[in-house]
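Asks: So you can see what is in the structure, the chains are spelled out below.
2 protein chains.
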Amino acid sequence: MRTLYSYFRSSAAFRVRIALNLKGLPYDMVAIHLARGEQRQPEHLQRSAQGLIPVLADDGLMLTQSLAILEYLEERHPEPALLPTDAPGRARVRALALAIACDIHPLNNLRVLNYLEREFGADEEARLRWYRHWVDVGLQAWQEQWRRWPGPPGPYAHGGSPGLADCCLVPQIYNAQRFACDLQAVPDLMRVFDACMQLPAFAMAHPAAQPDAP
Amino acid sequence: MRTLYSYFRSSAAFRVRIALNLKGLPYDMVAIHLARGEQRQPEHLQRSAQGLIPVLADDGLMLTQSLAILEYLEERHPEPALLPTDAPGRARVRALALAIACDIHPLNNLRVLNYLEREFGADEEARLRWYRHWVDVGLQAWQEQWRRWPGPPGPYAHGGSPGLADCCLVPQIYNAQRFACDLQAVPDLMRVFDACMQLPAFAMAHPAAQPDAP
Numbered sequence: 001m002r003t004l005y006s007y008f009r010s011s012a013a014f015r016v017r018i019a020l021n022l023k024g025l026p027y028d029m030v031a032i033h034l035a036r037g038e039q040r041q042p043e044h045l046q047r048s049a050q051g052l053i054p055v056l057a058d059d060g061l062m063l064t065q066s067l068a069i070l071e072y073l074e075e076r077h078p079e080p081a082l083l084p085t086d087a088p089g090r091a092r093v094r095a096l097a098l099a100i101a102c103d104i105h106p107l108n109n110l111r112v113l114n115y116l117e118r119e120f121g122a123d124e125e126a127r128l129r130w131y132r133h134w135v136d137v138g139l140q141a142w143q144e145q146w147r148r149w150p151g152p153p154g155p156y157a158h159g160g161s162p163g164l165a166d167c168c169l170v171p172q173i174y175n176a177q178r179f180a181c182d183l184q185a186v187p188d189l190m191r192v193f194d195a196c197m198q199l200p201a202f203a204m205a206h207p208a209a210q211p212d213a214p
Numbered sequence: 001m002r003t004l005y006s007y008f009r010s011s012a013a014f015r016v017r018i019a020l021n022l023k024g025l026p027y028d029m030v031a032i033h034l035a036r037g038e039q040r041q042p043e044h045l046q047r048s049a050q051g052l053i054p055v056l057a058d059d060g061l062m063l064t065q066s067l068a069i070l071e072y073l074e075e076r077h078p079e080p081a082l083l084p085t086d087a088p089g090r091a092r093v094r095a096l097a098l099a100i101a102c103d104i105h106p107l108n109n110l111r112v113l114n115y116l117e118r119e120f121g122a123d124e125e126a127r128l129r130w131y132r133h134w135v136d137v138g139l140q141a142w143q144e145q146w147r148r149w150p151g152p153p154g155p156y157a158h159g160g161s162p163g164l165a166d167c168c169l170v171p172q173i174y175n176a177q178r179f180a181c182d183l184q185a186v187p188d189l190m191r192v193f194d195a196c197m198q199l200p201a202f203a204m205a206h207p208a209a210q211p212d213a214p
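Chains as they are written, first to last, in full-length UniProt numbering: chain A, 1 to 214; chain B, 1 to 214.
A hint or two may mislead.
[Said to hold, decoys possible] Partial selection, computed: residues in chain A whose CB lies under 10 Å from chain B:
no.	residue
1	LEU52
2	SER66
3	VAL93
4	LEU96
5	ALA97
6	GLU119
7	PHE120
8	ALA126
9	ARG129
10	HIS133
11	GLY138
12	ALA141
13	GLU144
Just so you know, these hints were derived from the structure itself, not from any lab. All C-beta atoms, glycine included, are put in the ideal place defined by N, C-alpha and C.
Just chain A, with the same shape it has in the complex (with noise of 0.2 Å):
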């Protein structure tokens, strides 16, 4: 059996989520209380020496990384693919999913958010406009960087089928929406994120849908 280690609002787990149904593959899911400080338990520090989610329990391993995650499911679970089968179109999707795991969301985790309250002194409103800024600029970004490599129609990131850079995608337009940012800017990545919201493999994976979601 595979457990995942997660937590409802979590976007790195919630990507393994909507990859796992996408798949077909079941999981049990053990809750892992970021808020409550449960990633650095003893007993999680041993699944996960870096004391983040996800963990993947799966055959004996124990995956880290939500992106090597999901290649190794992709490898071990051929399909449905996540990646297209062209060179090209691999480097793009893995590139669109890469930047929004490097250049957006490292800079926006709890970790780094009491880093800045507690060395800088940046109250609710500095650490929100500091959250709001790495996604306006990075969403915009990311979605001129998808309009000038196009790859195949829609209605999905790349192409008719959803994959890598979806399962990135969505969770972090999730977060955009909860921190309010200007998500008006990026009407493509909308059409995307609507059209992915549609398929029950992301809707079950939603923060929402999940058991320790309060």
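Given the coordinates of chain A, assemble chain B onto it according to the supplied hints.
Replies: Only chain B this time, still in chain A's reference frame:
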């Protein structure tokens, strides 16, 4: 011909230089001077809407995001391989690469340090403390994760030939040295670093060996 848009000190560009050298792929280099803001000039924004480097122009494509570039090179030029052949090994190596590319490096990018100075009035010492915090925390967790899920015997991050994890680790250690981070706490990583730096592919990719180094 292949053109790499690079900056001598950029650790993301350093990763791609190492991979090109390991695979024996010749390339031209165009320097984009980050400290002078050349990455935000219209000419470069045409290559990368994010205004980031590296960008690799290859075969008519403008490839962005260092890890997507490395995966592309691996698919197009499989030998010598940057990833092991077994799915668990590939997951281990990718997770190690991403633990640097997502959880250490983006926090210490120039644009982030500039924001801290501009918006929070962080002086040089406060910025240095921020920088070292994420490097120290990140590398120590990396070493712990690396020890817990042992790969094949070294001397490199995953066995007897250097790969994707080494391409990320070496530039991050270079950055850590530059900012006098605590490298005494990560002796295993320093052994991997030293083994890599013996190889011409790494030595030739080092910032000090670049034509745009002062």
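Asks: Compare the structure with each hint and give your call.
Replies: Now the hints, each set against the structure:
no., hint, result
1, LEU52, "holds (7 Å)"
2, SER66, "holds (8 Å)"
3, VAL93, "holds (8 Å)"
4, LEU96, "holds (8 Å)"
5, ALA97, "holds (8 Å)"
6, GLU119, "holds (7 Å)"
7, PHE120, "holds (4 Å)"
8, ALA126, "holds (7 Å)"
9, ARG129, "holds (7 Å)"
10, HIS133, "holds (7 Å)"
11, GLY138, "holds (8 Å)"
12, ALA141, "holds (4 Å)"
13, GLU144, "holds (4 Å)"
Figure legend: structure checked against the earlier numbered hints; every hint is met.
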